[in-house]
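Number of protein chains: 4
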Amino acid sequence: MITIICTTNRKPSKSRVVAEFYQSLLDQAGAESRIMDLSDLPANFTSTALYENAGKNESFNQLMGKVEDCEKFVFIVPEYNGSFPGVLKTFIDGLKYPASFKDKKCALVGISSGTQGGALALSHLTDIFNYLGMNVLALKVRMPRIEAILIDGKITDDFSLELLDMQIEQLLKF
Amino acid sequence: MITIICTTNRKPSKSRVVAEFYQSLLDQAGAESRIMDLSDLPANFTSTALYENAGKNESFNQLMGKVEDCEKFVFIVPEYNGSFPGVLKTFIDGLKYPASFKDKKCALVGISSGTQGGALALSHLTDIFNYLGMNVLALKVRMPRIEAILIDGKITDDFSLELLDMQIEQLLKF
Amino acid sequence: MITIICTTNRKPSKSRVVAEFYQSLLDQAGAESRIMDLSDLPANFTSTALYENAGKNESFNQLMGKVEDCEKFVFIVPEYNGSFPGVLKTFIDGLKYPASFKDKKCALVGISSGTQGGALALSHLTDIFNYLGMNVLALKVRMPRIEAILIDGKITDDFSLELLDMQIEQLLKF
Amino acid sequence: MITIICTTNRKPSKSRVVAEFYQSLLDQAGAESRIMDLSDLPANFTSTALYENAGKNESFNQLMGKVEDCEKFVFIVPEYNGSFPGVLKTFIDGLKYPASFKDKKCALVGISSGTQGGALALSHLTDIFNYLGMNVLALKVRMPRIEAILIDGKITDDFSLELLDMQIEQLLKF
Numbered sequence: 001m002i003t004i005i006c007t008t009n010r011k012p013s014k015s016r017v018v019a020e021f022y023q024s025l026l027d028q029a030g031a032e033s034r035i036m037d038l039s040d041l042p043a044n045f046t047s048t049a050l051y052e053n054a055g056k057n058e059s060f061n062q063l064m065g066k067v068e069d070c071e072k073f074v075f076i077v078p079e080y081n082g083s084f085p086g087v088l089k090t091f092i093d094g095l096k097y098p099a100s101f102k103d104k105k106c107a108l109v110g111i112s113s114g115t116q117g118g119a120l121a122l123s124h125l126t127d128i129f130n131y132l133g134m135n136v137l138a139l140k141v142r143m144p145r146i147e148a149i150l151i152d153g154k155i156t157d158d159f160s161l162e163l164l165d166m167q168i169e170q171l172l173k174f
Numbered sequence: 001m002i003t004i005i006c007t008t009n010r011k012p013s014k015s016r017v018v019a020e021f022y023q024s025l026l027d028q029a030g031a032e033s034r035i036m037d038l039s040d041l042p043a044n045f046t047s048t049a050l051y052e053n054a055g056k057n058e059s060f061n062q063l064m065g066k067v068e069d070c071e072k073f074v075f076i077v078p079e080y081n082g083s084f085p086g087v088l089k090t091f092i093d094g095l096k097y098p099a100s101f102k103d104k105k106c107a108l109v110g111i112s113s114g115t116q117g118g119a120l121a122l123s124h125l126t127d128i129f130n131y132l133g134m135n136v137l138a139l140k141v142r143m144p145r146i147e148a149i150l151i152d153g154k155i156t157d158d159f160s161l162e163l164l165d166m167q168i169e170q171l172l173k174f
Numbered sequence: 001m002i003t004i005i006c007t008t009n010r011k012p013s014k015s016r017v018v019a020e021f022y023q024s025l026l027d028q029a030g031a032e033s034r035i036m037d038l039s040d041l042p043a044n045f046t047s048t049a050l051y052e053n054a055g056k057n058e059s060f061n062q063l064m065g066k067v068e069d070c071e072k073f074v075f076i077v078p079e080y081n082g083s084f085p086g087v088l089k090t091f092i093d094g095l096k097y098p099a100s101f102k103d104k105k106c107a108l109v110g111i112s113s114g115t116q117g118g119a120l121a122l123s124h125l126t127d128i129f130n131y132l133g134m135n136v137l138a139l140k141v142r143m144p145r146i147e148a149i150l151i152d153g154k155i156t157d158d159f160s161l162e163l164l165d166m167q168i169e170q171l172l173k174f
Numbered sequence: 001m002i003t004i005i006c007t008t009n010r011k012p013s014k015s016r017v018v019a020e021f022y023q024s025l026l027d028q029a030g031a032e033s034r035i036m037d038l039s040d041l042p043a044n045f046t047s048t049a050l051y052e053n054a055g056k057n058e059s060f061n062q063l064m065g066k067v068e069d070c071e072k073f074v075f076i077v078p079e080y081n082g083s084f085p086g087v088l089k090t091f092i093d094g095l096k097y098p099a100s101f102k103d104k105k106c107a108l109v110g111i112s113s114g115t116q117g118g119a120l121a122l123s124h125l126t127d128i129f130n131y132l133g134m135n136v137l138a139l140k141v142r143m144p145r146i147e148a149i150l151i152d153g154k155i156t157d158d159f160s161l162e163l164l165d166m167q168i169e170q171l172l173k174f
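One line per chain: the protein sequences are L, W, Z and Y, in this order. Start counting the first sequence at 1; every next residue gets the next number (the numbering used here). Start counting the second sequence at 1; every next residue gets the next number (the numbering used here). Start counting the third sequence at 1; every next residue gets the next number (the numbering used here). Start counting the fourth sequence at 1; every next residue gets the next number (the numbering used here).
So here's chain L without its partners, still in its complex pose (with noise of 0.2 Å):
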């Protein structure tokens, strides 16, 4: 089982389009997943999930254990400000550890509407994951200019599909 994680809370966002597309790519190649989507993350998260309130808060304990009780994750990943979306980094905050990612595994997929493509996004969550002794494939997926690419909910050009096949075939092996 993966769980593809669409990163933002923004409702709705290409990121969910392109989880969705990942899926099926998934489906193609005979893996089962499933899709976890942080615009589900309840409204004051921050202020009832985190630190003294770990625990507390019952949509977000449902959330923190569709990740504890799964092995591997794809992570797609929209570029906000040069990086990857806050709310992402304030989920994981409010997950434990080591139960939530330490020696699993994760593949990393970014898309921006500029030319990055996340590229600086993927190093920074790469370092995070690590920190949390999560192995991130080598191989990231990076999707610049996304509208040009990203059409009636699937992505177009051969060059993306390509690098998404290669890295579905190795995050199934790794």
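Treat the hints loosely; a few may be bogus.
Identical chains share a label here; the pair holds if one copy fits it or two copies do between them.
What the hints assert, rightly or not - Here are the simulated DSSO-like cross-link-like pairs (lysine-lysine), alpha carbons at most 30 Å apart as the crow flies: (1) Lys-96 with Lys-56; (2) Lys-72 with Lys-14; (3) Lys-102 with Lys-154; (4) Lys-173 with Lys-11; (5) Lys-154 with Lys-105; (6) Lys-14 with Lys-96; (7) Lys-72 with Lys-56; (8) Lys-154 with Lys-11; (9) Lys-173 with Lys-56; (10) Lys-96 with Lys-66; (11) Lys-56 with Lys-154; (12) Lys-72 with Lys-154; (13) Lys-173 with Lys-96; (14) Lys-56 with Lys-11; (15) Lys-105 with Lys-11; (16) Lys-102 with Lys-173.
I should point out that these hints are in silico values taken from the structure, not numbers from a laboratory.
Got chain L; can you put chains W, Z and Y on it based on the hints?
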């Protein structure tokens, strides 16, 4: 006027104590300052102040206004999960570009219980602030093992004090 | 006086061409500059100018001297293997601290054949220069797909030209 | 077979001592290993083994061959100027893609006289190796203040020893 930002919403926090100590050093240097504390972020700001809700949350707007009418910042950054607090980036994700940070200046201070002192946290933040057009002072003060040196509201080791003094001297001329 | 450093020892290099173009822009802005090219590094400098051999290689010392007597730099940085050229860091490893970069200022320009434009290269370099006490201008110019826009010695796309002009304007005031 | 790379060309170096200690730990774990020392790089390799000279320097080619015929690596990384040694990246810049690192695996060890233990150095290296397609083990061992714990060729503090043992255990299964 320098705004010192306590970058966690944890309450109480060592970062707040360090922010107040930093303010006392600025006082001694004859520099006017104020403290902004991210524990003042509204409880539900991730749902009411970001993206399509930008500008709609009055409490958030007050914090945003304090950023917009200031030119120099000091960020007191606790290390959370190998980087800076997620709420700081989420706060940034709700601010306006370019009014908030473009062509402005800041200094960074990292604190941690562990041995890193926020080395990666400050690197990630530098990437983000540079992306947003804010110059970051090269001299970043890292204070690992903060519990051992922050006593009765004061930083007590000579090496850190020397670095803080140099940072303030440079920030005032920056 | 601004020193423009061509940060590869490859010869000839696109970085050198960009360095000369950058110099022409500085000329137009009325700023004096000179080019330092790492292709002038002595062939055996890794064995004769580093560590216990510091100061012993006369050719290396000449380049070192040009760094020490300058206060502002522009680094033209080609992307090699996802970061900046190794010879640049090796050159830095042979320089003296603090005479070379401390309390000085620089601007960074990244170029690449691929789509990144040196995003990570410039981030890594910023970490290093900040560590050495040199302030790095927030506005970093990335030029991905350099082959398409560097024609007859000139950068030809309007977006890059605008960024370069802004960078120069800011560097002169930095 | 695991290749332990001493990533500086300084001679003698603490990194070499740590490399030999690491090899003794691998021996105890029943894992075959060999040490590659970048002090064996030819004196003029920056002029005779890179770019258009790729493949022309026989001594360099021997080191390159040892990389190409190995699947797992440990990099012993001293902190130089806030990152890893320039010669390491210069060495990488002379290697072949994809034969050198793609689809291979490595673990990283950082050492420093100061308090960072190579936090940024290992982050930068991770970026580069991931770019080249090599998976980097999440567990990176940082050993700050190396002079205090490296005694008579042995790492002597329990915390570092525990981390090194965990890293080796994970690397063997990686």
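Hint by hint, here is what the structure shows:
1. Lys-96 with Lys-56: within (13 Å within a copy, 33 Å between copies)
2. Lys-72 with Lys-14: The answer is within: 22 Å in one copy meets 30 Å, while 35 Å across copies does not.
3. Lys-102 with Lys-154: between (33 Å within a copy, 29 Å between copies)
4. Lys-173 with Lys-11: Neither, since 33 Å and 41 Å both go past 30 Å.
5. Lys-154 with Lys-105: within (26 Å within a copy, 33 Å between copies)
6. Lys-14 with Lys-96: both (28 Å within a copy, 21 Å between copies)
7. Lys-72 with Lys-56: Only inside one copy: Lys-72 and Lys-56 sit 26 Å apart there, 38 Å across copies, limit 30 Å.
8. Lys-154 with Lys-11: The answer is within: 18 Å in one copy meets 30 Å, while 44 Å across copies does not.
9. Lys-173 with Lys-56: neither (37 Å within a copy, 37 Å between copies)
10. Lys-96 with Lys-66: within (12 Å within a copy, 34 Å between copies)
11. Lys-56 with Lys-154: neither (39 Å within a copy, 33 Å between copies)
12. Lys-72 with Lys-154: within (23 Å within a copy, 37 Å between copies)
13. Lys-173 with Lys-96: both (26 Å within a copy, 25 Å between copies)
14. Lys-56 with Lys-11: both (25 Å within a copy, 16 Å between copies)
15. Lys-105 with Lys-11: within (27 Å within a copy, 33 Å between copies)
16. Lys-102 with Lys-173: both (18 Å within a copy, 15 Å between copies)
Hints 4, 9, 11, counting from the list given before, are not met by this structure.
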